[in-house]
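The residues making up each chain are set out below.
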Amino acid sequence: MSHKLVDCRGLACPHPVINTKKALEEASIETITTIVDNDVARQNVTLFAKNAGHQVSEEQKDGFYHLTITRNDASPAAQTSACAAESSAVTAASAGGSVYFITSNELGQGSPDLGEVLIKSLFTTLTAMTSPPVALLFLNTGVYLTCEGSPVQEQLEKLHAAGAAVLTCGTCLEYYHLKDKLLLGNISNMLEINNWLSGPYKVITIA
Amino acid sequence: MVDDPYLFGQIAAANALSDVYAMGGQPLLALNIVCFPDCLPTAILGEILKGGADKVVEAGCIIAGGHSIRDDEPKYGLAVAGLVPPGRIISNAAARPGDRLVLTKPLGTGIINTAIKADLLSTQAVERAVKCMSTLNKKASAAMQHLGASACTDITGFGLLGHAAEMAEASQVSLEICFSAIPLLPEVLEMARMGLIPAGAYNNKEHLGDKVTFDNSLRLEEQMILYDPQTSGGLLIVIAEANADRLVVNLGDQGVPSAVIGRVLPDQKELIEVIK
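Chains D and Z, in that order, give the protein sequences. Under numbering that gives the first Met the number 0, the first residue of the first sequence is numbered 0, with each subsequent residue one higher. Under numbering that gives the first Met the number 0, the first residue of the second sequence is numbered 0, with each subsequent residue one higher.
Simulated from the structure, these hints should not be mistaken for laboratory data. Just so we're clear, the structure is a prediction, and the values are computed from it rather than from any experiment. Among the hints, erroneous ones may be present.
As the list claims (entries may be wrong) - For lysine-lysine, the following DSS-like pairs were computed, each having C-alpha atoms within a straight-line distance of at most 27 Å:
hint, chain 1, residue 1, chain 2, residue 2
1, D, K49, Z, K204
2, D, K3, Z, K116
3, D, K201, D, K157
4, D, K180, D, K157
5, Z, K204, D, K20
6, D, K21, Z, K116
7, D, K3, D, K20
8, D, K157, Z, K138
9, D, K178, Z, K130
10, D, K60, Z, K204
11, Z, K49, D, K180
12, D, K49, Z, K116
13, D, K119, D, K201
14, Z, K275, Z, K204
15, Z, K49, D, K178
16, Z, K130, D, K180
17, D, K178, D, K157
18, D, K49, Z, K275
19, D, K20, D, K60
20, D, K157, Z, K130
21, D, K20, Z, K116
Go ahead and model the full structure; you've got the sequences and the hints to work with.
This is the structure:
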């Protein structure tokens, strides 16, 4: 049974929670003792651990709080699913959402005119869906869709307003000299884009 | 709170102007108060002041001067004077039993700021919270004046419950607040579940003590959101029942999110009762 000590004395919120969370991410760890020196950290670490499905016991020694956290069962994976089941509506909705990875300003290969008609039709369809995509990621010529002159500006604004993250590749904007033409959303990088692609979402690629 | 000095300036100014809006006034002139260290480039100070000045202009107000001090950490705030005819002052002491409570701006900026420090939020989520904090309560104030609010207060450091309690005590009434009706920033519940709750929220909870009672089914993190200190929060508007829904619609038409979150009750044992 592996045990870890997380000494958070002298640390203010949110660091005790973050250090405890990091320690729990190590699969081999079964129990953790987090030591904190203030009541806010005691309450926050306890809240975090209990809501993540673990057991917490508390002891006061020499003016410090020793919080011993025991994994609820042996398998961290089982906890994740148990935790997800009772998780908030926000998390449940986003985990079930889809991410659109858009690498072209035309849909499909063939006539460019037809490609533009189809991409417009796709975005109009997306705005009519009951739950919008979680994120729209634009790369390569796809970035023309988030910049001035976009054929889908109106639809994109609707999706953005409905809560879809709109991320446009910064390298691509630079390559096509569009950096000051971006209409909405954020300029992004490959790290963030990859985080979306490798996250819990269904990824739909438009090329 | 935010790293961008221009946004920091905007948020500080929106926060300072809010008091005048809560009283139904028009901001007239503002004085800058700024602390700044020698070791940072003055261009940063320029950006902070520009952010503040832009918000002051948006409010139809002017910056009449100010005061600057060398200090270890950058600090910025404004003293704002506004104008309101005496008969039209909206105070926090005139809530009447039967009135409804309307809240503008979603709650949770304190928790979101804690989550930002923990580096747990997407740029999208940070952007959303910043936009919320930098939005003036100007349109909200105009809309409530138009429909005749009974009372109003702005939600800042003492959290929704702290400011609501202040209003209830001043008006000698009790309040019933419905948790599920309260608009929250999207990531707030998730971050609160993770224990990313600022010390200020616990202080507010302790300060209010047993003045607030909660429905048994409300979880600790849900309760804590209502104590979360807000930076440049929205207005808590008290308005006659007949006009409450209209106020929400009018606000929505102007792009100001709001919701009816509760009602005013005659003075009773509990100052505030939070139901599910």
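Taking the hints in turn, this is what the structure says about them:
1. K49(D) / K204(Z): holds (20 Å)
2. K3(D) / K116(Z): Distance ~24 Å between K3(D) and K116(Z) Cα, so the pair holds.
3. K201(D) / K157(D): Holds, because 21 Å separates the two Cα atoms, which is no more than 27 Å.
4. K180(D) / K157(D): holds (19 Å)
5. K204(Z) / K20(D): holds (25 Å)
6. K21(D) / K116(Z): holds (15 Å)
7. K3(D) / K20(D): holds (12 Å)
8. K157(D) / K138(Z): It holds: about 23 Å lies between the C-alpha atoms, which stays within 27 Å.
9. K178(D) / K130(Z): Since the Cα atoms of K178(D) and K130(Z) sit roughly 22 Å apart, the hinted pair holds (cutoff 27 Å).
10. K60(D) / K204(Z): With Cα atoms ~26 Å apart, K60(D) and K204(Z) stay inside 27 Å; holds.
11. K49(Z) / K180(D): holds (24 Å)
12. K49(D) / K116(Z): holds (22 Å)
13. K119(D) / K201(D): OK: K119(D) and K201(D) at ~22 Å, within 27 Å.
14. K275(Z) / K204(Z): With Cα atoms ~18 Å apart, K275(Z) and K204(Z) stay inside 27 Å; holds.
15. K49(Z) / K178(D): At roughly 24 Å apart (the allowed maximum being 27 Å), K178(D) and K49(Z) satisfy the hint.
16. K130(Z) / K180(D): Answer holds: K130(Z) to K180(D) is near 21 Å, not above 27 Å.
17. K178(D) / K157(D): Holds, because 22 Å separates the two Cα atoms, which is no more than 27 Å.
18. K49(D) / K275(Z): Satisfied, since the Cα-Cα distance of roughly 22 Å is no more than 27 Å.
19. K20(D) / K60(D): Judged against 27 Å, a Cα distance of about 23 Å means the pair holds.
20. K157(D) / K130(Z): holds (18 Å)
21. K20(D) / K116(Z): It holds: about 15 Å lies between the C-alpha atoms, which stays within 27 Å.
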